[in-house]
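J.: Below, each chain spelled out in residue letters.
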Amino acid sequence: MSLTPKFLTLTAMSGGAGAGPRGPYMSFITDRNTNLLIRGGLLFSVGVFLALVLNLLQVQRNVTLFPPDVISSIFSSAWWVPPCCGTASAVIGLLYPCIDSRVGEPHRFKREWSSVMRCVAVFVGINHASAKVDFANNVQLSLTLAALSIGLWWTFDRSRRGFALGVAIALLATLTTQLLVYNEFFQYTSPDFLYIRSWLPCIFFAGVITMGNIGRQLALYEHKLLQKTHQD
Amino acid sequence: MTLREQLRAKISAAFYHHGLLCASYPVPIILFTSASILTCCYPLLKLPLPGTGPVEFTTGVRDYSVPSHEPHGDQGERPDWYRGPPVAYIQQVLVKAAVSPWDSSLVPVDVFRSPLGQVFRLLEEIRNHVYSDSSGVRSLESLCLQVTDLFPGLRRMQTVLPEHGCLLVSPGNYWQNQRELFDSDPDLFKTIQKHEPKGLHTSATLRDLLFGVPGKYSGVSHYNKKRVVTYTITVVLLSYDARFLNSLRARLKQLHPSANCSLREDHMVHVHFKEEIGIAELIPLVTTYIILFAYIYFSTRKIDMVRSKWGLALAAVVTVLSSLLMSVGLCTLFGLTPTLNGGEIFPYLVVVIGLENVLVLTKSVVSTPVDLEVKLRIAQGLSNESWSIMKNMATELCIILIGYFTLVPAIQEFCLFAVVGLVSDFFLQMFFFTTVLSIDIRRMELADLNRRLPAEASLPQPKPVPLRTREAPPPPRPSPHTITLQTPAFRNLRLPKRLRVVYFLARTRLAQRIIMAGTVIWIGILVYTDPAGIRAYLAAQVSEQSPLGDPGVSGLSPHLAVAPVFAAGDPTSALNIHPAPDPTPVPENQSQGHHSSVPQITWGAEDEEGWRRLSFRHWPSLFSYYNITLAKRYISILPVIPVSVHLSPQEAIETRHPHDTRHRPPLIPKVSADLQTDLTLYKVAALGLAAGVLLVLLLFCLYRVLCPRNYGQNGAAHGRRRRGDLPCDDYGYSPPVSEISPLLLRGHSMDIECLASDGMLLASCCLAGQIRVWDAQTGDCLTVIPKQCRDPSIGGENLSEEDYFPLRRRASPSRLALFTDQPDLTPLIDTNFTSQPPSHLSTPPKEGFDYGSLVERAYTEHEPPSPSSYPCASSASSSPSSAAQPQRRLSVGDGGGASSQERGSGSGSQAAADWESSVWAMELRGNLIAAGRSSGKLEVGLWDAVEGSLRCRNEDGVSGITALAFLNNRIVAARLNGSLDFFTSCARPAAGAPGQGSMPPSPCYTSEDVISCQLTRSVQCAHQKPITVLRAAAGRVVTGSQDHTVRVYRLEDSCCLFTLQGHSGGITAIYIDQTMVLASGGQDGAICLWDVLTGSRVSHVYGHRGDVTSLVCTTSCVISSGLDDLICIWDRSTGIKLYSIQQDMGCGASLGVISESLLVTGGQGCVSFWDLNFGDLLQTVYLGQSSDSQVVRQLLVLDNAAIVCDFGSELSLVYVPSVLEKLD
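As given, the protein sequences belong to chains A and B, one line each in that order.
Residue numbers for the first sequence follow my numbering, so the first one is 85 and each next one is one higher.
Residue numbers for the second sequence follow my numbering, so the first one is 2 and each next one is one higher.
To be clear about the criterion: a stretch of chain A counts as covered by chain B if any three or more of its residues have a C-beta under 8 Å from a C-beta of chain B, and this derived list gives those stretches:
1. 134-142
2. 195-205
3. 213-223
Restricting the straight-line Cα-Cα distance to at most 27 Å, the calculated cross-link-like pairs of lysine-lysine (DSSO-like) are:
4. B:227 / B:254
5. B:191 / B:227
6. A:216 / B:275
7. B:364 / B:392
8. B:217 / B:191
9. A:216 / B:633
10. B:303 / A:194
11. B:364 / B:11
12. B:303 / B:392
13. A:194 / B:392
14. B:364 / A:194
15. B:303 / B:376
16. B:310 / B:364
17. B:191 / B:684
18. B:364 / B:376
19. B:310 / A:194
20. B:195 / B:684
21. B:364 / B:303
Honestly, the hints are just simulated from the structure, not real lab data.
On a predicted model such as this, the values are computed, not experimentally measured, just so you know.
In this text, a Cβ means the ideal position worked out from N, Cα and C, and glycines have one as well.
Construct all of the structure, not just a fragment, from the sequences and the given hints.
T.: Below you can see the structure in the form of structure tokens.
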């Protein structure tokens, strides 16, 4: 727009014509339910994918044994494992930002996609190590993995509530796995911690941290949008 | 000062100096870094190539003992897999048989029938061989590898492969080891071929397995020129008994002595096979790599504000990768051979090392002030981030050290690699990446600053304060000198998903690339697995095992040759260097005089390890048939037992099958054995060629489908650097730039404010108040209307015709744009001396020729903000009007027009007051120009080819006219005080003929007509606040005002039909056309669509941050632009935003619709054409040579598909390029 005298006059005379209320043009994106659904779906698919891949890693090394007829299926694990993992990751991924917003500030530490990707890579690496590296004994393996998991939390999360939630969910998941194995849904080749492997809680913890990281990153978009609309 | 701070300061200073160093000597440092990378990677050459190729180890036969499981003390040259007993020992009996002397009565089948028949006797001999000594009796049965069932799924091989017994394979297996079957077989060749797999195969075939030599060396074919048949009997032994084997060897040699055989028999080769990677193992690996690439992508995406994003991203990746290679190389150099699977740990190493430091460095450097020197910028950026870099590195080293103390070998090794990798990564970051960054920054300094600075500087004053409040906060500027660079892709488009996918494919050429990569990989696999391919050749070269000076053999012999590490100790090389083929291999009882074909059995070095010619999957596949895996295990291959069999022609004829002679294949004398292989070679070549052609065609088709446009037009170097970033759409597509030179209409001395056109004519008005009329077709300046110019000359001098020339000459676009910062003084040059009688010089109150004051005034007018009027200084410019005026005045006589004109040109003081008011609105219809002034005067001027005369004037109003509409013969003027005046212009023929009632529909007046302009109605309180916009179409007048309302009036009776309420801000833009579409946009950024018939609101959308500056509707969409320099395209029926286009700064309002699907927008020195349906940028036209300075602020689309845009003080007339016309 050219700055002509006419324009100057007009704007001067218009004086304090205030800004109108922001319209509903972003309502679709900022609609909480839709957003929640999208995020949940994304997290679910990520969980399913990771479960499939990591299970393959474990089955390949004969760490877990599923009933033989299921092994021959394409996904090399029981049908219920990926959906369970997916649901769990969706819940975790939604829970983390939710708790963040309840407690106070959203999580600000290293909020970038590259960092999230790094976190996922480290998580896969921990799984890899648990399946492929030959340790002298199980205690060593479990301790190493625990250290790695804590390192993961420290590198990518560093929030106290993240740690607490991770530990709580890991314990819960461990208990569930114990029950599942006890009821012979599946079994481990060489259980050393009641019915399961002792490194399982560490893996669960690392998984919770990872999924929480992804969930927070996804929630960041919603947060940004909401902030924008509120500012307006 | 604490220790920490001291440390910090020291680190910072060190980094600062380092940055200075890097930026000062970029080339030597890069050379040094490259050299050190290469040096560190040099040890990698010694490592075995990654892959599943087997590894060999050679020991002597004489003192052989089964290696123990426990590692020995003297592990020196022994590989670590050489422990424990092997899976099996392979003993091959290499049989070479020939019918000699060759008789012309023999048929080709005789070449191999009787020699093959010998296998049964040999088998019998081997099976029944018994060695007895003091320790007992040993037979083959007790020593051999007993196999059970074949692997399920290989049932079809049951007839040819042994089951439940010794694993003993020979060509006799084709006939179940029974001589009777062999003798009764009418067509041996067919039996052999029967089991061959169809199609292309790369691994071991059954024929290779049974014959033990590659098919083409076996000599079993009809075209065997040498007439020697070669095959092996392969005995697989479970345990090694030297004495038994020696006796077997002696026995066979005794039976079938090989006269000229000098094969060495004192070496056994142990072959270790690696694990073959299955698909299940690949999936996690691929996943980790995908995550790795996502990580790299998300990381490098953050590199911004640099000259070449891709270059820096590449540098970052190179940094990380070469640091990894360096770490592996260094570790190998110091004796740590990697045992981990490199491919598996590689992604984790990259993740551990990370790209973070690189990004932090880039960010820190680009955020330093731009006006600094490059050296200093680099140094500052480095030292700013030095502390955090060092801290991160220390933390990572600590974590890795902790990992090292887990004492798990695998983790320790990983940590060792990671530590070395981290250190070398740090080294590379500091030397390589920093230097690359400095080069990049320097390039940006040179190129971008020159380009961007004037652009920024030439921007007008900041927008007024009230607008600022509604705007988004300006982007933060770190320092007053820092230039915020635009992001390269400044066109945000929102497209349908389908199109996005297609564009994505097209942009990245994904399909082509995948196909190409697939082809390359396929070819690579073929070459790699080809038994006699380049791999074997290369391996032979590397391992130096090939006989010197005999490339023919070197290309064939070693197959399992990925063993450069252990090759040094291979004593066979000694043999191969001095190959010992017997110079005179004369079989016994040979009649030399027979016609040249004497089959000669020769034993060469290549026979010694004939298994090398086989595929490296030969043994694994043989064992896998019995479900025995050789992965991570080894087999020991014993030296071959050579057996030569000479058969007489009588024997050959006796063993003939009657079938053989009947179906005697045509013997082609010149057809050689090579020809067959040649034929297959040709076939393969032809197939490959055909496949290649097909591939090219396919690629071409894909290219045509995915990239329909001609990308090639956009030459790579075409003006890219000169123009800077071309406007491109979101997908990086930069359309062809056409450098058509637009018609520049020069003449205005100040910025152009109003533009009006009716297709044929074009009127423009500058801030100085000068109105110029141009021919829209040719761009000629037809007339100049400096206000009041006729007043002084009304007294009247009659001018001669020659006087028109000065005007013509000056009106043509001749002014050079050299001194744009100086006022244009050309109007002051008076060349029309004849019209200036000297007496005028002495008449002060009128227009004097005080040149000094004129110049002074011109200078004061050049000050942009003061809207002072242009002086009517040039009598030359007024002379045409003064030429016509006297006649008209004479002819007009009395009348309304005359009276009004009389009033207008009344006194000098009034005229002087007029100069002070500027033109705020202008309309052009036919040859009438209506101009509304800030003083409230309405002027209607008539223009024709020679005159620019004022025909009537109305100065009833006191408030400035902000908007004008000129429809048919009515003029509507909206005023600053909110009132609306309706005028009717009437023309009367000069002769007084009855023309009052018969108003021509198109107001085209002749100069004789008398124009009167009567105020028919004035709506005093049309709006509460100033009327900002006024549009008239389809018999309606629509006004928009600061009072948030839109009113619709009927044009005929000026009756207010509707008051439309719905905006929450002042109205800033209105669009109405003949189809009664009404759209309005306000300061709230809202756009409303109305139904003009009912006055109801159809839709209401918010799209802009700040005012809506202009609105255009087409039948399907609404195009709006706002103060945020964003052009939004909305679907008209649904009100959904289709996409938006980001404009250059200050060009927000410049847009126009040429046709239903063609949008034109103005930019910085250019206009761009867009496809409305898809949001494609079609073409960009640069308006001037100096592209960077001016911004197109107004744009007008003429009827003849020409575009007029203002370009500072100039007008540009652009004819729509012919490419676009085709689209319409």
